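Protein chains: 2
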Amino acid sequence: MSIDFIMARRSIRRYTDDPISRDDLRKILEAAMAAPSSRDRKPWHFVVVTGREILKRLADAHPHGKMLAEAAAAVAVCGDTNTSPDYWVQDCSASTENILIAVAALGLGAVWLGCHPRKDRVDAIREVLNIPEDVGILSLISIGNPAEQKDPRTQYDEERVHQQSW
Amino acid sequence: MSIDFIMARRSIRRYTDDPISRDDLRKILEAAMAAPSSRDRKPWHFVVVTGREILKRLADAHPHGKMLAEAAAAVAVCGDTNTSPDYWVQDCSASTENILIAVAALGLGAVWLGCHPRKDRVDAIREVLNIPEDVGILSLISIGNPAEQKDPRTQYDEERVHQQSW
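Protein chains in written order, with the working numbering: chain S, 1159 to 1324; chain A, 1159 to 1324.
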């Protein structure tokens, strides 16, 4: 099997007005929860937003989140810090990446907006989405039907590959 | 496009004696470096190990790494903590997940062995692979030709999905 579907994931920040189907949103969440997690603890939670008013508030809550005001959906990828204090960040990052790859495979577009460990971003999103204090907010993903095209690409760099030892 | 390839990624810990081709190793690294990174800083480095003696030393260096002694290859996913102090963990986690998905798509098997933030694991691997002190070690990935089969699956759980707000 080709792995081109991994190279097809690009950061897409401009969208058409079209909505995302329930079926696609469900697939995206199935992909999210197909990620591995440390000790199989699955610390993740997902807040799915499709309401325009809340999307607009999220756009204001994140310094690079302007596109959320026009997005069809946002997913906040969160992690229960009690369930997995040492690994929730890594588990939720893997889950975020799964979402991004699924989105691209479905013909949609998305961008990963970093939240944790920036307290200002986390606090602002926590307030908009009513997320409990002991739940970390790893990322906010903006999703829509792409109004920009980007070619698949790797960023392969031989200098980052060390053979047998550093 | 179906997203089954994401569900096909499972933790594979038993391998045949067959090697992995150079071509497949290259594809795996291309997938690794196709991940997104915060501010496009690409803090990642990859140590690729195929030598049996070093694989055996890695097996001893990680408490859950026994399978490395029989693996065809290991990849240590590392991050330059100076380049991206706040986000190298997330960037390297996304890169690790890309490797795992690529491995599955290529018909190979792999498992993610967590390292950071466990100091004992990081110190032991750092010594075996001669990794500089200011480079974090996010994960060690054991890769081989699968000697066990696992069915694709999501771990979808409705209770982890919050609509519009927590």
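Keep in mind that a hint or two might mislead.
Copies of the same chain look alike in the list, so a pair counts if it fits in one copy or across any two.
[Said to hold, decoys possible] In silico SDA-like links for lysine to any residue, alpha-carbon gap of 25 Å or less:
{"no.": "1", "residue 1": "K1308", "residue 2": "I1212"}
{"no.": "2", "residue 1": "K1185", "residue 2": "M1159"}
{"no.": "3", "residue 1": "K1308", "residue 2": "D1278"}
{"no.": "4", "residue 1": "K1185", "residue 2": "D1244"}
{"no.": "5", "residue 1": "K1308", "residue 2": "R1279"}
{"no.": "6", "residue 1": "K1277", "residue 2": "T1239"}
{"no.": "7", "residue 1": "K1224", "residue 2": "D1281"}
{"no.": "8", "residue 1": "K1185", "residue 2": "D1281"}
{"no.": "9", "residue 1": "K1185", "residue 2": "G1265"}
{"no.": "10", "residue 1": "K1277", "residue 2": "E1316"}
{"no.": "11", "residue 1": "K1185", "residue 2": "Q1321"}
{"no.": "12", "residue 1": "K1277", "residue 2": "T1312"}
{"no.": "13", "residue 1": "K1277", "residue 2": "P1243"}
{"no.": "14", "residue 1": "K1277", "residue 2": "I1178"}
{"no.": "15", "residue 1": "K1277", "residue 2": "Q1313"}
{"no.": "16", "residue 1": "K1214", "residue 2": "Q1322"}
{"no.": "17", "residue 1": "K1277", "residue 2": "K1308"}
{"no.": "18", "residue 1": "K1224", "residue 2": "T1239"}
{"no.": "19", "residue 1": "K1185", "residue 2": "D1162"}
{"no.": "20", "residue 1": "K1185", "residue 2": "A1166"}
{"no.": "21", "residue 1": "K1214", "residue 2": "H1320"}
{"no.": "22", "residue 1": "K1214", "residue 2": "Y1314"}
{"no.": "23", "residue 1": "K1224", "residue 2": "K1277"}
{"no.": "24", "residue 1": "K1214", "residue 2": "R1197"}
Source of the hints: derived by calculation from the structure; they are not laboratory data. In this text, all values refer to a predicted model and were calculated from it rather than measured experimentally.
Right, here's what the structure says about each hint:
1. Taking CA atoms no more than 25 Å apart as the test, K1308 paired with I1212 passes in neither setting, with 28 Å inside one copy and 40 Å between copies.
2. Taking CA atoms no more than 25 Å apart as the test, K1185 paired with M1159 passes in both settings, with 21 Å inside one copy and 11 Å between copies.
3. For the identical chains of this complex, K1308 and D1278 are neighbours neither inside a copy (31 Å) nor across copies (42 Å), given an alpha-carbon limit of 25 Å.
4. In this assembly of identical chains, the alpha carbons of K1185 and D1244 never lie at most 25 Å apart, being 28 Å within a copy and 30 Å across copies at closest.
5. In this assembly of identical chains, the alpha carbons of K1308 and R1279 never lie at most 25 Å apart, being 28 Å within a copy and 39 Å across copies at closest.
6. For a Cα distance limit of 25 Å, the shortest separation of K1277 from T1239 qualifies both inside one copy, at 15 Å, and across copies, at 20 Å.
7. Taking CA atoms no more than 25 Å apart as the test, K1224 paired with D1281 passes inside one copy only; the shortest distance there is 17 Å, against 42 Å between copies.
8. For a Cα distance limit of 25 Å, the shortest separation of K1185 from D1281 qualifies neither inside one copy, at 29 Å, nor across copies, at 40 Å.
9. Taking the shortest alpha-carbon separations for K1185 and G1265, both the intra-copy value of 12 Å and the inter-copy value of 23 Å come in at or below 25 Å.
10. For the identical chains of this complex, K1277 and E1316 are neighbours neither inside a copy (36 Å) nor across copies (28 Å), given an alpha-carbon limit of 25 Å.
11. In this homomeric assembly, K1185 and Q1321 come within 25 Å of each other (Cα to Cα) only across copies, at 15 Å, whereas the closest approach inside a single copy is 38 Å.
12. For a Cα distance limit of 25 Å, the shortest separation of K1277 from T1312 qualifies neither inside one copy, at 32 Å, nor across copies, at 32 Å.
13. Proximity of K1277 to P1243 under the C-alpha cut-off of 25 Å is found in both arrangements, the shortest distances being 17 Å within a copy and 15 Å between copies.
14. In this assembly of identical chains, K1277 and I1178 lie within 25 Å of each other by CA distance neither inside one copy nor across copies; the values are 31 Å within and 44 Å between.
15. Taking the shortest alpha-carbon separations for K1277 and Q1313, neither the intra-copy value of 30 Å nor the inter-copy value of 30 Å comes in at or below 25 Å.
16. Proximity of K1214 and Q1322 under a CA criterion of 25 Å is satisfied inter-copy only: 12 Å between copies versus 49 Å inside one chain copy.
17. Neither within a single protomer nor between protomers do K1277 and K1308 lie at most 25 Å apart by alpha-carbon distance, with minima of 32 Å and 40 Å respectively.
18. Neither within a single protomer nor between protomers do K1224 and T1239 lie at most 25 Å apart by alpha-carbon distance, with minima of 28 Å and 29 Å respectively.
19. Taking the shortest alpha-carbon separations for K1185 and D1162, both the intra-copy value of 19 Å and the inter-copy value of 10 Å come in at or below 25 Å.
20. Taking CA atoms no more than 25 Å apart as the test, K1185 paired with A1166 passes in both settings, with 18 Å inside one copy and 14 Å between copies.
21. In this assembly of identical chains, the alpha carbons of K1214 and H1320 lie at most 25 Å apart only when taken from different copies (18 Å versus 45 Å within one copy).
22. Taking the shortest alpha-carbon separations for K1214 and Y1314, neither the intra-copy value of 36 Å nor the inter-copy value of 28 Å comes in at or below 25 Å.
23. Taking the shortest Cα distances, K1224 and K1277 sit within 25 Å of each other inside one copy (19 Å), while across copies they are farther apart (39 Å).
24. In this assembly of identical chains, K1214 and R1197 lie within 25 Å of each other by CA distance solely across copies; the values are 23 Å between and 37 Å within a copy.
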